[in-house]
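Protein chains: 2
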Amino acid sequence: MTNASSDEVALIGLDWGTSSLRAYLMGCDGALLAERKLSLGVMRLEYSSTEQSRKQAFEAALKEACGDWLVSASDAPVIACGMVGSAQGWCEAPYLSTPIRLDQLSKHLTAIETDCGRVVLVVPGLMQKTELVSLMRGEETQLAGCMYAIPQRSLSTTILAGLPGTHSKWVTLEAGCIQHSETFMTGEVFDTLCRHTILGRTMQCGEHEPAAFDYGVRTALRHSTRGGVLSTIFTVRSLGLTGGLSAKAQPAYLSGLLIGEELAAVLRIYGGRGNATSIRPESFVLIGDHKLCCQYQRALHIIGHEAIGIIRDASSRGLWEIAIQAGLVSAGLVRKRVTC
Amino acid sequence: MTNASSDEVALIGLDWGTSSLRAYLMGCDGALLAERKLSLGVMRLEYSSTEQSRKQAFEAALKEACGDWLVSASDAPVIACGMVGSAQGWCEAPYLSTPIRLDQLSKHLTAIETDCGRVVLVVPGLMQKTELVSLMRGEETQLAGCMYAIPQRSLSTTILAGLPGTHSKWVTLEAGCIQHSETFMTGEVFDTLCRHTILGRTMQCGEHEPAAFDYGVRTALRHSTRGGVLSTIFTVRSLGLTGGLSAKAQPAYLSGLLIGEELAAVLRIYGGRGNATSIRPESFVLIGDHKLCCQYQRALHIIGHEAIGIIRDASSRGLWEIAIQAGLVSAGLVRKRVTC
Chain C
20 MTNASSDEVA LIGLDWGTSS LRAYLMGCDG ALLAERKLSL GVMRLEYSST
70 EQSRKQAFEA ALKEACGDWL VSASDAPVIA CGMVGSAQGW CEAPYLSTPI
120 RLDQLSKHLT AIETDCGRVV LVVPGLMQKT ELVSLMRGEE TQLAGCMYAI
170 PQRSLSTTIL AGLPGTHSKW VTLEAGCIQH SETFMTGEVF DTLCRHTILG
220 RTMQCGEHEP AAFDYGVRTA LRHSTRGGVL STIFTVRSLG LTGGLSAKAQ
270 PAYLSGLLIG EELAAVLRIY GGRGNATSIR PESFVLIGDH KLCCQYQRAL
320 HIIGHEAIGI IRDASSRGLW EIAIQAGLVS AGLVRKRVTC
Chain S
20 MTNASSDEVA LIGLDWGTSS LRAYLMGCDG ALLAERKLSL GVMRLEYSST
70 EQSRKQAFEA ALKEACGDWL VSASDAPVIA CGMVGSAQGW CEAPYLSTPI
120 RLDQLSKHLT AIETDCGRVV LVVPGLMQKT ELVSLMRGEE TQLAGCMYAI
170 PQRSLSTTIL AGLPGTHSKW VTLEAGCIQH SETFMTGEVF DTLCRHTILG
220 RTMQCGEHEP AAFDYGVRTA LRHSTRGGVL STIFTVRSLG LTGGLSAKAQ
270 PAYLSGLLIG EELAAVLRIY GGRGNATSIR PESFVLIGDH KLCCQYQRAL
320 HIIGHEAIGI IRDASSRGLW EIAIQAGLVS AGLVRKRVTC
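Just so you know, the protein sequences line up as chains C and S, in that order. Mapping to my numbering: the first sequence position 114 is 133, numbers consecutive. Mapping to my numbering: the second sequence position 111 is 130, numbers consecutive.
Careful: at least some of the hints might be erroneous.
Far from chain C, some chain S residues (derived; all Cβ distances over 12 Å) [said to hold, decoys possible]:
{"id": "1", "residue": "Arg120"}
{"id": "2", "residue": "Glu226"}
{"id": "3", "residue": "Gln316"}
Sample of chain S residues facing chain C (criterion: CB under 7 Å; computed from the structure) [as the list claims (entries may be wrong)]:
{"id": "4", "residue": "Thr205"}
{"id": "5", "residue": "Leu240"}
{"id": "6", "residue": "Arg245"}
Reference listing, derived: stretches of chain C covered by chain S, where coverage requires no fewer than 3 residues with Cβ under 8 Å from a Cβ of chain S [said to hold, decoys possible]:
{"id": "7", "segment": "203-215"}
{"id": "8", "segment": "259-273"}
Source of the hints: derived by calculation from the structure; they are not laboratory data. Quick reminder that beta carbons are idealized off the backbone N, C-alpha and C, glycines included.
With the hints as constraints, model all of the structure from the sequences given.
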């Protein structure tokens, strides 16, 4: 698919995050002609403290990711989202404040002029100025893609979108508007507990054990408003030492404890707003890495929320939507629905 | 003080934990003649997988810590507590089950014969076989020391003892009996978040900032049963990026968030048993590292529990008490009260 001729290509999209860089080659109808994933995330690039060195590192990463596309599709606009627009990125794309309509994103793109004469347009991040300030970069674009996937419902009901990952987000969408978001450091905490604490010492990695995951989720739900997660995570060790949990089961159990804790909090938060139980299953969606979304889906099933939809390709779809709204590309004749 | 003559020495005590080894030289009345702290904790010793290699590593550590005392006080019994008695230690001292009277500890000492012809007697650990299994090794000895410090009260009221640290414990004591314990991985989680996550990247270590600590405690208390700690810890970064928290203030703020979360859980747990608010200030005690206990004391003050007592030298006092009960030493004429 990488040999698509230049006249088929309408857009080059980049989801440029902390650890990875995904590049999308898109056709006139938004169809994904090619996709690449590279370990060239913002925090993985090496450069000195000078502005020149930083610029060169980003230029080189862009070239490595899609230099051939830039040549073959010389007229295609380039749009990017994620940490590339942060203070640690290529060029800071200022935050917009929430609540905000998703169609406002396209009006605030930040242009980066590259050495090869192309312009990379960067989607702004969002900031929620509540007591606990919440930030997002990249998720706003996935949410734009989510709206594309479920356009009818998105205009009439409240959607609760979960974006699990290193820093999971939970966002309410109302009538095309981002209302409220919460961040949970679930993914990064899981990773660091496994790698750098005593819990990792008795663990054995291998096949995911669903029963242990479920056990962790149930334990978290029972103890979330009792001892909480600082207490429950110690049971990875204590149950391990007393024969209640095998070494192989421990990673899945810990994952269940943390995801269960996050979901218990999500239900409390959005319940408190009169939304939680009133958010119907069809208004609950998960966006992101498919395997991880399936784990969240499984945990939500334990809680009693069955068959929660998973939206695929939300980043590329979101970049496409924003590009259309910005007038970079035309919508074309066919708008494919993303599987939900 | 290390030149105490052999006839003054009644006991050599070892508090041998995960990361450090503390050695105590005690006189006939339990007075501390000398104290040493070495980085020779159980997890820091290096040895191969053979039993012989492990034994040699522990023998060498013992010699380094107090080889001179063993020679000069050739008749003094040696008693040890902590991870030295764990499966990863020198010799496993089996767990006793809770609830248990503290005076039972002295009846279950495990003897290790050393190459130099001395016997090291190891205090057993405790196991609470509740749904979330709780374990302790070392804290049972500190609790024995605590009972010594407040003997009258300990026999008539319920005491809630907090032992903050890498893995904080909260224990209820009734009439000399350990009733219930909970473990929180607060210290280790703080350390690993600072060292190994994105939160550490914007932090600057330096003087402890009390105002930032208080801010963290208050934030944790407000959000403990809302988003919880997986959510609040992200604000170290989001408040940092938006100017709400200086780089220097971030470590203290994170510490406040985690200690506040732990204390909120403690009050829920022991409140649920009808004990929390009924546990009077004078029955609340803190045991362990003095600086850390002062931080917990400060956080408890914010919650509304004022002037919580801190018990010092609980490990050495506990080892002394257990040695007396085991008939290793005589109580002597004078029993000094520990400052509470």
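For each hint, the structure was consulted:
Non-interface status of Arg120/S relative to chain C is upheld: no Cβ of that chain comes within 12 Å, the nearest being about 22 Å off. Under the 12 Å C-beta cut-off, the non-interface status given to Glu226/S relative to chain C holds; the minimum distance is some 25 Å. Non-interface status of Gln316/S relative to chain C is upheld: no Cβ of that chain comes within 12 Å, the nearest being about 19 Å off. Evaluation of the Thr205/S hint against chain C yields a held restraint, the C-beta minimum of about 6 Å falling below 7 Å.
Checking Leu240/S against chain C: minimum C-beta separation of about 12 Å lies over 7 Å; hint violated. Taken as an interface hint, Arg245/S checks out: its beta carbon lies about 6 Å from the nearest beta carbon of chain C, inside 7 Å. For the segment 203-215 of chain C, the stated coverage by chain S holds: 9 residues have a C-beta nearer than 8 Å to a C-beta of that chain, and at least 3 were required. For a cut-off of 8 Å, the count of residues in the segment 259-273 of chain C with a CB near a CB of chain S stands at 3, and the three-residue condition holds.
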